[in-house]
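Build the full structure now, drawing on both the sequences and the hints.
Going by our numbering, the sequence shown opens with residue 108, and the numbers climb by one from there.
Please note that a few of the clues may not be correct.
[To be verified] Restraint ranges, calculated between C-beta atoms of paired labels, are given here:
{"id": "1", "residue 1": "Val274", "residue 2": "Ala212", "range": "30 to 38 angstroms"}
{"id": "2", "residue 1": "Leu360", "residue 2": "Arg312", "range": "12 to 20 angstroms"}
{"id": "3", "residue 1": "Ala114", "residue 2": "Met315", "range": "32 to 40 angstroms"}
Honestly, the hints are just simulated from the structure, not real lab data.
In this text, a Cβ means the ideal position worked out from N, Cα and C, and glycines have one as well.
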Amino acid sequence: MSWWDDALHRAVVEIVLAGALAAIIGVQVVVRKLSFFTMALTHATFPGVVAASLIGVNIFVGGLVAGAVVALAVAALGRRPGQNSAAATGVVLSAGFALGAGLVATQDGFSRDLSSFLVGSILTVDTQDLIVTAVMLVVVSALLLVCARPFLYGGFDRSFSGRWDIVLMLAIEAVVVTVVPAVGTILAVSLIVAPAAAARLWSDRIPMITGIAVGIGITGGLGGLWISYQWNVAAGASIALSVTILAAVAAALRRAIQVPTGPPSSRQVTTTAGLA
Numbered sequence: 108m109s110w111w112d113d114a115l116h117r118a119v120v121e122i123v124l125a126g127a128l129a130a131i132i133g134v135q136v137v138v139r140k141l142s143f144f145t146m147a148l149t150h151a152t153f154p155g156v157v158a159a160s161l162i163g164v165n166i167f168v169g170g171l172v173a174g175a176v177v178a179l180a181v182a183a184l185g186r187r188p189g190q191n192s193a194a195a196t197g198v199v200l201s202a203g204f205a206l207g208a209g210l211v212a213t214q215d216g217f218s219r220d221l222s223s224f225l226v227g228s229i230l231t232v233d234t235q236d237l238i239v240t241a242v243m244l245v246v247v248s249a250l251l252l253v254c255a256r257p258f259l260y261g262g263f264d265r266s267f268s269g270r271w272d273i274v275l276m277l278a279i280e281a282v283v284v285t286v287v288p289a290v291g292t293i294l295a296v297s298l299i300v301a302p303a304a305a306a307r308l309w310s311d312r313i314p315m316i317t318g319i320a321v322g323i324g325i326t327g328g329l330g331g332l333w334i335s336y337q338w339n340v341a342a343g344a345s346i347a348l349s350v351t352i353l354a355a356v357a358a359a360l361r362r363a364i365q366v367p368t369g370p371p372s373s374r375q376v377t378t379t380a381g382l383a
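Below, the structure written as structure tokens:
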């Protein structure tokens, strides 16, 4: 039996890739204060994943299409006069999850697969899942590097954002769909937000925040996978809890040490953008 034939070995590779992928996009989510939007995307992705499974289409495609529609809808609604983007996001959150639950209810016996969509099934990932995650890690990393300047300036000046908001929203959605095999649609937000939120407390420089977040994401993911293997705990939940606990510990250490941080300055924005 080859190394790749072992389900645990594939799970280890997947969580390393997924932890790094979620962390790098999570930095943008935290800096741009898009955590609530990301949570809405995880719920809105659910019906797309379910529909894809029902009709026999790859769940990555179904989730990506559904999430892209939602991201564009939220962006459009948020720009309408008198329309609060948070309110639009909240409506999408509840409606998306309700639609997914409704689709599940239409199929007898299909509810047995519900947990794998909600909290992941990392021990069943195959080579195709690993390739998709690896490709998305490269693509999203390149996107964030090339678009570093507009993304960061957009965080200071909303009038500068425009189309870059949509690009970032679509990138977040792509990451959410990619990590579904690892932690599912509902728990994806923990893998994306928790490491970056903790890392943000340690530094105000984007490269440093990203490095710390990736370290927390991978370490927490591997720790959760180990706990799942040792004590037969659901892998997705174990990973999410492990990452969250590790992030909480990092935050507590920061408060104890009192590392000074603040919002990224314009000088740091220019410096970081120059890396692109």
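Checked hints:
The supplied range of 30 to 38 angstroms is met by Val274 and Ala212, whose beta-carbon atoms lie about 35 angstroms from each other. Between Leu360 and Arg312 the beta carbons are some 18 angstroms apart, a value that agrees with the proposed interval 12 to 20 angstroms. Restraint check, Ala114 to Met315: a C-beta distance of roughly 35 angstroms satisfies the suggested window 32 to 40 angstroms.
The earlier numbered hints are all upheld by this structure, with none contradicted.
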